[in-house]
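*Asks:* Sequence:
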Amino acid sequence: MSSLSRLAAAELAAEQGTVTMLYGRLDRLREQAAQRLAGLLRESGGTPQARSHRDAATALYAERVARYDAVEPGLCFGRLDLRDGGHRHIGRIGIFDDEGDFEPLLVDWRAPAARPFYVATAAHPDGVAQRRHIRTRGRTVIGLDDEVLDLAAADATSLTGEAALLAALTAKRTGRMQDIVETIQAEQDRVIRAELGGVLVVQGGPGTGKTAVALHRAAYLLYTYREQLSARGVLIVGPNAAFLRYISQVLPSLAETGVLLATLGDLYPGITARRAEPAAAAEVKGRTLMTDVIAAAVRDRQRVPEDAIRIDVDPEVLLLRPDAVEAARNRARRSGRLHNLARAVFVDGVLDSLAEQVAERVGQDPFWDDPLGGDDALASPNLLDAADLADIRADLAAEPAVRAVFDELWPALTPEALLADLFASADALASAAPQLSAVDRELLLRDPAGGWAPADVPLLDEAAELLGEDDSAARARAAALHQASLEYAQGVLDITAGSMSFDLEDDPEAAVPNVANVMDADALAARHDTGERLGAAARAAADRRWAFGHVIVDEAQELSPMAWRLLMRRCPSRSMTVVGDLAQTAALSGPASWGDIFAPFVADRWRAAELTVSYRTPAEIMDVAARVLAGIDPSIVPPRPVRHSGVEPWDTTGRLDRLPGLVAELVSELDGGTFAVLAPAGLVPALSSALPGAAVGEQPDLERQVVLLTVAQAKGLEFDGVVVVDPDGIVGESPRGASDLYVALTRPTQRLGVFRPA
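Heads up: the sequence shown is residues 2 to 759, going by the numbering used here.
Among the hints, a few may not be true.
Listed below are the simulated SDA-like cross-link pairs for lysine to any residue, each with C-alpha atoms no more than 25 Å apart in a straight line [to be verified]:
# : residue 1 : residue 2
1 : 173       : 73
2 : 173       : 636
3 : 173       : 644
4 : 173       : 648
5 : 173       : 713
6 : 173       : 70
7 : 173       : 138
In short, the hints are calculated from the structure, not lab data.
This structure is a prediction, so every number in the text was calculated from the model and none was measured.
All chains should be built: construct the whole structure from the sequences, respecting the hints.
*Replies:* Here it is, written out as structure tokens:
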């Protein structure tokens with residue numbers, strides 16, 4: 002063995018020793034957390050306070066066990082040798098020497114001390130003499146890649162960890178997105194570590210890693226700003242459910258489990274909106290003017306009848322006149338309350354009118370103006386006082402016929418009921434949306450039983466804002482429970498205080514302070530609160546009014562103005578990271594520029610970053626996609642690919658029955674990995690029959706070797722090989738079909754084929 006080989010073997014052995022030690026520490030941390038968790042799970046009973054503390058501790062240790070499990074693969078992946086002679090090992094979490102001086106044994110990749118691993122160059126070494134990438138399989142070190150940051154060989158534009166990066170890019174895909182924590186490049190790191198506040202827009206073409214950057218930024222922000230974000234949480238919005246499953250393992254592998262992943266269709270609690278609808282209908286729903294349509298629909302439910310309404314209230318028949326209803330409606334609207342909250346004002350006004358009618362009939366004194374009455378004559382013809390009128394109002398309010406009138410003229414509405422009724426009626430749409438064309442209103446008509454589409458969710462949210470929720474009954478129940486808790490707590494304090502007084506009588510010197518000395522009933526009741534303690538993500542998912550600490554939006558170019566209106570409500574601080582590519586916009590309501598999106602919300606107070614290098618897409622495939630991009634917008638510069646695959650894409654024409662053979666041949670050439678067939682939605686049923694082994698459907702199994710998808714389903718995904726079927730059909734299927742084709746052509750990392758049906 003040469004001296005060079007012996008040196009390499011010694012370095013490998015030394016790193017193996019370090020990695021083995023770190024895994025031993027990880028095992029110990031995991032075992033300690035698991036033991037604490039098991040002990041807590043065995044406990045039962047106790048005071049409410051003890052149960053509450055036990056539940057919180059159980060959640061804490063369960064999260065720690067999950068975190069330690071998630072960071073097992075690739076625990077340590079790098080080392081920095083510093084010019085001052087020191088070194089730092091870099092990994093997924095921080096591990097410290099708890100037996101010594103608590104020195105760091107492994108530096109968390111998000112810590113400031115780890116940043117030179119991603120940004121140091123020969124021209125700007127940042128105190129680093131050498132950077133080492135440590136490649137592992139399981140717990141075994143299988144290779145080392147060293148970069149000597151020597152000024153004589155300076156190239157500030159070179160890739161960081163090029164060997165490790167190219168190995169990751171050429172590795173087979175698994176159907177699940179992997180993190181890039183070992184191979185983050187300098188331009189990506191600048192985005193990941195950007196400061197928290199404000200709106201950061203990240204523009205990046207295909208293969209630039211913008212999704213991975215967004216996810217790593219979420220992990221970095223939670224690590225760096227944990228105090229600010231842990232209570233409010235972070236929301237990540239993706240384009241579809243398949244995409245969320247695809248990225249679901251990334252954040253746990255980065256030691257973060259408390260982030261809420263959602264699509265637009267998930268952002269209204271209690272509803273999962275997945276119904277397919279025409280793109281033109283979604284575009285209409287996404288227009289800002291829909292706020293006026295919904296407001297008008299609410300006003301249309303605040304009715305004034307054309308004629309008087311007869312109300313049978315045994316033994317009376319009352320008449321509710323239009324002018325009385327109009328007066329009650331005007332009073333309710335002037336109250337400034339939301340619809341459901343203003344209903345009480347309307348009801349009061351109508352009850353006033355009806356009660357007056359009853360009072361006139363039953364309280365009239367026929368002799369009130371009798372000239373023989375002398376000084377005893379009444380000043381008013383009505384014998385009823387205020388208490389009598391209150392009783393009449395209460396009786397009327399309980400009458401089913403009267404309540405039915407309230408429901409007809411000013412109904413209590415849910416957002417779901419309001420929109421279902423609106424979209425089910427051409428007349429209702431014509432009344433609420435005269436500014437829409439007849440064609441647009443026709444697009445909005447639908448069967449109420451058909452479920453909700455993603456574009457409905459911002460409208461439901463808008464309706465909820467306008468309707469409000471009358472929670473008076475719930476608040477009354479909560480107040481009653483709180484009062485009962487206070488009374489119980491006061492009883493406990495009285496007993497303990499009484500017990501102390503007996504002690505003082507027997508021996509004043511022996512008495513010791515008890516709970517009655519240190520807290521009042523309010524404090525004692527609060528400490529025994531047994532309310533459910535959920536994490537921020539779980540609580541946010543169930544609360545429409547939840548305000549997130551930070552929101553990350555992927556494929557942001559697809560969102561409509563109404564969708565952005567919803568997201569801004571979810572993040573009143575306007576702390577957002579927005580990633581996307583305007584050239585890949587498929588939605589008809591997609592923006593022409595990022596400024597168009599944010600002008601209504603933050604004016605020009607947003608900042609931009611751009612990812613310019615394509616790591617995923619090889620040069621041969623990018624050349625094909627660039628020709629399509631030039632047809633979309635010649636001014637857009639495609640991202641620069643960092644590698645060549647050595648395999649030219651092919652383009653062929655033939656009968657559809659040739660496709661299965663071509664797919665099988667390409668899968669064989671790939672020798673593993675994942676393969677996608679991307680086609681127009683209209684062709685998917687026929688192709689599904691032709692490719693019986695392929696995963697297909699609304700939520701296909703992306704871990705199958707072959708998957709059949711529409712372009713919309715493939716957004717944000719990547720595969721080792723792709724066949725794009727009927728590119729002309731993809732272009733013709735949508736007014737933005739050229740952007741769809743651009744997306745389809747840039748999904749593969751290795752092989753691309755284009756099949757044109759004859």
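*Asks:* Do the alpha carbons of residue 173 and residue 138 lie within 25 Å of each other, as the hint requires?
*Replies:* holds (15 Å)
*Asks:* Would the pair residue 173 and residue 644 pass a check requiring their Cα atoms to be no farther apart than 25 Å?
*Replies:* holds (16 Å)
*Asks:* Would the pair residue 173 and residue 713 pass a check requiring their Cα atoms to be no farther apart than 25 Å?
*Replies:* Answer holds: residue 173 to residue 713 is near 23 Å, not above 25 Å.
*Asks:* Mind checking the alpha carbons of residue 173 and residue 70 for me, to see if they're no more than 25 Å apart?
*Replies:* holds (23 Å)
*Asks:* Given the hinted pair residue 173 and residue 73, is their alpha-carbon gap at most 25 Å?
*Replies:* Cα-Cα ~20 Å, so holds.
*Asks:* Decide if the proposed pair is consistent with the structure: residue 173 and residue 648, CA atoms, cutoff 25 Å inclusive.
*Replies:* Holds, because 16 Å separates the two Cα atoms, which is no more than 25 Å.
*Asks:* Run the distance test for residue 173 versus residue 636: straight-line Cα separation, threshold 25 Å.
*Replies:* violated (34 Å)
The structure fails to meet hint 2 from the earlier list, while all remaining hints are met.
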